[in-house]
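Chain order of the listed sequences is A and B. Letter by letter, the first sequence follows residues 1 to 373 of UniProt numbering. Letter by letter, the second sequence follows residues 1 to 401 of UniProt numbering.
Among the hints, a few may not be true.
Simulated crosslink set (SDA-like; lysine to any residue; CA at most 20 Å straight-line) [what the hints assert, rightly or not]: (1) K292(B) <-> N102(A); (2) K243(A) <-> Y383(B); (3) K243(A) <-> P386(B); (4) K70(A) <-> Q197(B); (5) K171(B) <-> G154(A); (6) K168(B) <-> N199(B); (7) K243(A) <-> M385(B); (8) K335(B) <-> M345(B); (9) K153(B) <-> F156(A); (10) K74(B) <-> K335(B); (11) K301(A) <-> L334(A); (12) K168(B) <-> F156(A); (13) K384(B) <-> H187(A); (14) K292(B) <-> R99(A); (15) K198(B) <-> S98(A).
Hints were generated in silico from the structure; no laboratory data involved. Source: prediction; values computed, not measured.
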Amino acid sequence: MILSKLYTRSTRRGSKFFRLSLPINGRPSCRNIHFTYYPDTRTVRTGEVKEMNMFQAINNALHLFLEKDKTSVFFGEDVEFGGVFRCSIGLKDRFGQSRVFNTPLCEQGIVGFGIGLANVGITAIAEIQFADYIFPAFDQLVNEAAKCRYRSGGQFDCGKLTVRAPCGAVGHGALYHSQSPEAYFAHTPGLRVVVPRGPVQAKGLLLSCIEEQDPCIFFEPKILYRTAIDTVSLDYYKLPLEKAEIVREGDAITLIGWGTQIHVLLETADLVQNELGASCEVIDLCSILPWDAETVCNSVKKTGRVIVSHEAPLSQGFGSEIAATIQEECFLSLEAPIGRVTGWDTPFPHVHEPFYLPDKWRCFESIKNTLEY
Amino acid sequence: MISNIVSKFIFRRTIVLYRCKIRMESNFCYTNELSFINKMYSPVIPTYRVLNNEYIQKSPTVQEIEMDTNLLVKMYTTMISLNIIDTMLYECQRQGRISFYMTNFGEEAVQIGSAAALLSDDIVYAQYRESGILLWRGLNFSDLINQCYGNCKDKNKGRQMPVHYGSKEYKFVTLSSPLTTQLPQAVGAAYGLKQMQKNLCIVCYFGEGAASEGDAHAALNFAATLICPVIFICRNNQYAISTPIQQQYGGDGIAARGPAYGINTIRVDGNDIIAMYNATKFAREYTIQEKKPVLIEAMTYRIGHHSTSDNSTMYRSNQEINSHKNKIPIVLFKKYLEQFNLWDMNKEENFINFNKKTVLEAITIAEKHKIPSWEDLFTDVYYKMPNHISHPVVEETGWLV
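Sequences and hints are given; from them, build the entire structure.
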């Protein structure tokens, strides 16, 4: 009887999977990728180059840094065997277990441990398995890491700490494998928050974060780990923090985003160009805190219209900070209200992900309204 | 009779378990008996002590405890100094001269006994009731007072509340108010020392209340699995503000947790400075040699209020406090020193008078110092001041200057 029950169950489940893999309403699969990756065309590459996806570029950066700084350590949950996203592959074999090691499963411990290492002058690169699980370490990051230098009058600091965490939508991550928690940390003086949009930026910005003398949180959009493939320099290079990048120049409207959303915005910019004949200026913020208000405001002063877009929910999302600053700095240049196209004010859903994300259609709609205002 | 049977039973059980373990050479063994594991398996951890409170005449001689008389006297005078500064700064707060204070009454031995057993380069991560360590290491009264006043001589640049001391020079990591956050940090720092191949250890202090925080679990587990040279010293003073230990934990204190994490543990009479010294020295030797963590639980009693913002008679009786006063570390240690003619009333009077004068002078000077420059509100947030901080500063300067 049990056997027959199991049998029916498995066939039922099997048939469900089968149905899902067939096109439903023209969609080939429920695990859609909501963007097209736009390779980087602006960063200068020197020396030998190689085609890499984002996890390989991060891995390359870690190899280069651990080689450069002989006392530095890399640790987190499951990093020894290469990490659940393969970012730390080969590190343990090359640098030994005393420098690349697994920790117990405890996020507050991981960050606290990293602060201690940094206190005594060791470069500590910590990995939180998913940005969704960074909250147990919120106290250590916000009350401790961020305030260490300030509260001791500069006697002690933990500037040598970098926390890496995969973030953002991945197609089917639901509530706890999809979050973009940058805004929580953007409210914390003393921290640096950085998000790359592809392999070239991931490597350059990560190396900058590691070398920067402030505690940094490096959020890596996990959907880009394998989908974002680019030509990356094998050299040790850094990209500037606190600096936004104008990814595409335009004059009709400024589109601001970071991480995966940059690719959504680039695709929308193409759509706007084709459908409406307007050229969009796309800005990758790169650093969320401290952020480059100057580049953003200069662009808005030029275009007079602006859309901010991020995956995280609207209310108190980092878009609010950008919008408020723009209206303060560019009041006389604004020709339309500042638009915000973001995730809804709900937890991140599972099957409704395609309706939740601020995809190119929602961005297009908002741009169209702003241009017609 | 019954207890005899019970103890025999436990003994036999333990032997069986022990044999199983040996035979199987692994971390687990099997049993056919369906029963819970409970307190019977872990007898109460005894408290190590040297100076005997009830039978003071039986105290060991100085030779027996293998200690230098100068060291003993310095330990005592530091305890007294801590008492003096506590009394005077407490009064300062009552008069509204400083905003806040926390005294160390009753816990002088835990701090100074352990500090005396450490090397001055061992790094200390503390909670807030460990000012005695700084005094032992040579920090001036005026440094402590300046911090409480937040004047321009304060190393923290007047940014933190009083008692949040820190000194790079004396290897005392600046305190912060969030409880227990220093524990996993201490473990990381200890791993760092091991990584740099230094023959030093980290010493980390915390209260029994703080041990309930998640960070304590993180720290003990990390220290054990990542094998870090750190000595955890728990000041079990029976209270976390108003919460007595009965409401803090259900097991045999903090010490009983150590073995569960695989950490060598010792429980010490925290009112006995010699016991505290010996235990810390013993722990330090082990930690340095094996590069492994140690847990010390020091049993003591918080004689004073939790802080100047607390009236402890709201939740405990005067009678209870008084019953502990004859067991306080200073009294206990003074009796011991007097017994061997290392200290007397005359010396005590002179020492107290001289130090009271010094503290008073330091307070007078501290009050005259100005607060740090307004610019110090903005510096040190980051290594370099970012635009969004400096921009408003530049704008406001016209108004501020």
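Status of the hints after comparison with the structure:
no.	hint	result
1	K292(B) <-> N102(A)	18 Å, holds
2	K243(A) <-> Y383(B)	17 Å, holds
3	K243(A) <-> P386(B)	11 Å, holds
4	K70(A) <-> Q197(B)	13 Å, holds
5	K171(B) <-> G154(A)	14 Å, holds
6	K168(B) <-> N199(B)	19 Å, holds
7	K243(A) <-> M385(B)	15 Å, holds
8	K335(B) <-> M345(B)	11 Å, holds
9	K153(B) <-> F156(A)	17 Å, holds
10	K74(B) <-> K335(B)	15 Å, holds
11	K301(A) <-> L334(A)	7 Å, holds
12	K168(B) <-> F156(A)	7 Å, holds
13	K384(B) <-> H187(A)	18 Å, holds
14	K292(B) <-> R99(A)	18 Å, holds
15	K198(B) <-> S98(A)	15 Å, holds
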